[in-house]
Amino acid sequence: MSKKSNRDALAEIQMQVMWNRLISVVEEQAQTLIRTAFGAATREAGDLSAGVFLPDGRMVAQAVTGTPGHVNSMAESVGHFLTEYPARSMQPGDTYVTNDPWKGTGHLNDFTMVTPVFLGAGKRLVALFASTVHVVDIGGLGFGPDGTQVYHEGLFVPILKLVDAGKFSQTVLKIIRANVREPVQVEGDLYALVACNEVGGRRLNAMMAEYRLKDIEALGEFIIARSNAAMLAAVREWPQGTWSTTMTIDGYGSPITLAAKLTISRSGIDIDFSGTSPVVAKGINVPKSYTDAYTSFGVRCIIGANIPNNEGSLSVVRVTAPEGCILNAPFPLAVAARSTVGQMLPDVVFGCLRQARADKVPAEGTSCLWNIRLAGGQGAGAMLKAKRFTVVGFNTGGTGARPAKDGLSVTSFPSGVRNVSLEIMETISPLVFWRKEYRPDSGGAGSARGGLGQVIEIENGDNAPMVLAATFDRIHHPARGADGGKAGSGGRVRLHSGTELNGMGNQVVPAGDRLIVETPGGGGIGDPRERSREAVAQDVKYGLVSGDQARVLYGFKE
Amino acid sequence: MTRTASTARLAVDIGGTFTDVVLQARGQQWTTKVLTTPTAPEVGLLDAMNVILIEAGMTTTELDLLILGTTLATNALIERKGAKTALITTAGFRDIVEIGWEHRFAQYDIFLDKPAPLVPRNLRFGMAERINVSGKVLLPLDEAAVIKLAGDLLHEGIESVAVAFLQSYANPAHERRVRELLTLHAPKLWVTLSSDVCPEVREYERTSTACANAYVQPVMAGYLQRLETKLRDLGVRCPVYLMTSGGALTTMAIGAAEPVRLVESGPAGGAILSRTVAQQCGVDRALSFDMGGTTAKICFIDDYEPQLSRNFEFGRMYRFLKGSGLPIRIPVIEMVEIGAGGGSIARIDSMKRVQVGPDSAGSEPGPACYARGGTHATVTDADCVMGYLDTERFAGGRVKLDAKRAGAAVTSDIAKPLGLDTDLGALAINEIVTENMANAARVHAMELGKTVEKYTLIAFGGAAPLHAARLATKLGISRVIIPLSASVGSALGFLTAPVAFQAVRSWHAVLNALDTQHANALLDEMQQQATDMVRAGAANEPLQTARVAYMRYQGQGHEIPVTLPAGKLAARDAATLTARFAKAYHAMYGRAIPNLGVEIMSWSVTVSTKIKPAKLAQRISKHVAARASASRRVFEATQGKSRDAKIYERAQLVPGSVIKGPALVAEDQTTIVVTADFSLKINSLGYAVLDQHKGKQQ
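One line per chain: the protein sequences are A and B, in this order. The opening position of the first sequence corresponds to residue 1 in this note's numbering, with each subsequent residue numbered one higher. The opening position of the second sequence corresponds to residue 1001 in this note's numbering, with each subsequent residue numbered one higher.
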């Protein structure tokens, strides 16, 4: 690079410093949301997002939070808000809201809010702050895949103005309160969204005052251009070509095939999901925005992982899915549990990328979360007499083996959630846990082994029945191994008394019985017989692999 | 024991590289640094004591007080050099300590590794037993299995055992019974109960804390015992205290029983120094800023009390990311630590952005300018290029800096790829590392609900005086204080720490149905425990008590500490507590939430000796014009160009000396950079006070 003039050089350094600052601003915004939100999904699992946008709707910075489900779905969402409420109509103190699954982040439980930010006390719109949070309840049937239309899944709030020049719409809040099971918590979350956007706005204004900026256009263009160039450069390190793959998962009652064709060209990466199974009558359909999110995330784990999310980096990955396939479910299909299928998409992306460069790509893993949702005291008859509770434990299986590295046991991927303490769950509900430990032999055998799943055993301590709202996959279609590696174990759901339960839908755990959930293991990579003998010996010593499996699959002689 | 100016007090901070010693006696102060002797830290310690006592013309028998801080516990944890340890858990839960939070702390890094637990799976044993959340026994302890295990543990060569059962904070009976059985059947084993070291809800954190304690206990207890014997042999007759992570002193006996509380005592000492400086200078909103070779540490001190917390992670080596270490729940001074120090390495990333740290060149090979084989551009190299450092006097003249190598490294790693002059490349490194620290301070302030602009920066540690003024400008802070002897800050801090103990218990209570009788019984028991612990080291000194409830809205995930009213709790106090909680919540988050129930998860009682009033800074009206000893071309960050800056000797400055920026003040260990927007004045205590010129930002 040729030498810059002193002035250009200082401008370059200042741009870099301001870019850092802008990322810090959205981190502060996200931090505010995490600490004030009520839903366990938000505060324990980081199921939220926060970002700042140019007035034309292009995202310039997003906080790194626990869920990829909002990676670019929230970014797209801001465009929909601007269509409904053009920038010129916005005024200081306004905040707009929606939980439209197709214009937000994929199901009614996710509320997105957009707040315009004006320069100082003036009228000049300089940026939009957006944030998304998962609320604990949105009415309808209650969370789960059992709805057959979005109307069953709860209250639908179209894009509308929630706060008008600083004044909350009591009408909207009243309607929301009347339609959800936990009105105080949901309202608290809505306030948290408004508050975090306000914090973002204040911080941005402070930064603009410090650097004497009138707008952030130049900074935004700088960020977008630099990120775009870096992302393209990362893509160009890969061979060009087109690769296809399919992956079949359990679905709800009948299997679903996810088909993808991935093309790497000089201009970016295109993924086409043509050939994927059609939508189903249950709430596991995926709106396109959510498909985009998990597909881009899958690419970005492998290519350009260190480049921050913004318009420049996200626009390099383009996703298409025919309308009517399960990855582009139109309104008014049921979509509440879209994450089970959506979280499988990184594995599908990996299936394509692995053909281009196997040394960079992991094997398939559990991928979908195995969240255990239990409720008591709701419904009819004996249920109603029992103590009322609803609890969600965030649980995971094993991840796929990585090139020359074992998969991670009992670790979330692609989601980034944290679990909830068992003792905390026992504090807020009558549940008693009897087991939570590794599930030996569940990791797919390989020279690099898949991560292990876990076994969890739970009882209702009040000796009353309770309802399991299941959204589990990879019971019948486990994570496949790669390059001669074996598949991980499929998951399993059953009662202590012996009955096998289904992976999807509401099912009763009778009083006095216990629920036993075994989460899947990740797939292995490479021939297990080539695994280092020390590694096999250690697995046996630690009880992660049984003596039998070591002998049969790994050819291990003590 | 009365701590007046006439008593002789010695503090020793055994760090990773250096052992720092401060002696205060007869109204004078001596300091020294010697190399730490990692294999037998007491050797270096005794050496250093000897050196400084000879210098002061004193003997060990004349000492009135000896305070020790050590990184030994921290090092044993991080370097995995603790005892062979086993873990006993409730059957079915032996993997809790390895499963941890089940998450990935780095969202986009699919190749990440999780921290290995201190106790491997083959040494983790589940015992049939179960106690529920109310403390009721659901399944009795299988005592026969415990007795059998005792034999197996001895056979395995286990030295130390952690016992962590589910809900043991609610009822420790089973854990205590295990200890009885082990004491009977394997009396040589060290035993740590989770209900002793961390009687708090959340099984992963509690188990992890118990494991850490068990893991370091044999090492620490042995070390402390040897040390005590040697000190007595040498004629030390005075009380000997240990510094804890919470910024308080404790006795050798408690230190040996709960060595996990000794982790991170050095940084705590630094924060305590900042508190003392804040008191002396009347700064009720202080931001402590400690920047060394590898990291920078930031801590908020309001009303002369450092922010306390009960969450700490050790071995967080993965880019200092939260969640990449192993948790321990002990009273700690809440700090943010980021990978920003003199040795932090600068590079250009794929977006042509300058990135600094978190990796550090350390002391070997060190920054390029050390000329010891390091070739990467570091923060110290940038400081060198910008003219901030005296190449002859760095680290007291022990390291001669090579400015040419610094320039070459900055040019090739940063300036050339960006098309900048070397000076501007150095400026970019400096601006980015300072911005990183400013961002960490801003986000931390947000987490704590504080407004950083209202704070005064108190800077110490080798690299802090170089960057403090610029950091202050970025944070909107207008005053910086740099105390004397800043390079032995932690040891200095030890001398002003109180003797204290924090007892904690989890007991879930909903405020609108508060069982005050149970609460009072619990608080009394904790008060007794904490008082006993402090009395052991505080003789008849007057004590003070602080009682805190950790509260949240029902269903929320984070608790905030709320001070309890004094005396017995009565039914009407529920309303007081609700109001106090709402106020604290509002202060942190900007709004309280009406109509939502409030619950208490945990309770703590801290008993401590009263802090002795520090010597206050006096107002100085006179201005003494300082004489510069030299001048040097210095690249001025605020103006983006080189200009001549005068250089002053700190040793020659006197109270009242005034210096207008841009200027440099040289000391043996470091340099104070006075940027163009600041003026420096020496106060009555000899501290450098930097004030920003009014109306001049940037």
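In case anyone wonders, no lab produced these hints; they're calculated from the structure. Please note that the accuracy of each hint is not assured.
[As the list claims (entries may be wrong)] Stretch by stretch, here's where chain A covers chain B in the computed footprint (C-beta under 8 Å, at least three residues):
(1) 1074–1083
(2) 1100–1107
(3) 1130–1142
(4) 1296–1308
(5) 1358–1369
(6) 1564–1570
(7) 1658–1666
Where a beta carbon is used, it is the ideal one built from N, C-alpha and C, also for glycine.
Checked hints:
1. 1074–1083: With 0 residues in contact (Cβ-Cβ under 8 Å with chain A), the coverage given for the stretch 1074–1083 of chain B is violated.
2. 1100–1107: holds (count 5)
3. 1130–1142: holds (count 4)
4. 1296–1308: violated (count 0)
5. 1358–1369: violated (count 0)
6. 1564–1570: Answer violated; 0 residues pass the 8 Å Cβ test.
7. 1658–1666: The restraint on the stretch 1658–1666 of chain B is violated, since only 0 of its residues have a Cβ under 8 Å from chain A and three are required.
The structure fails to meet hints 1, 4, 5, 6, 7 from the earlier list, while all remaining hints are met.
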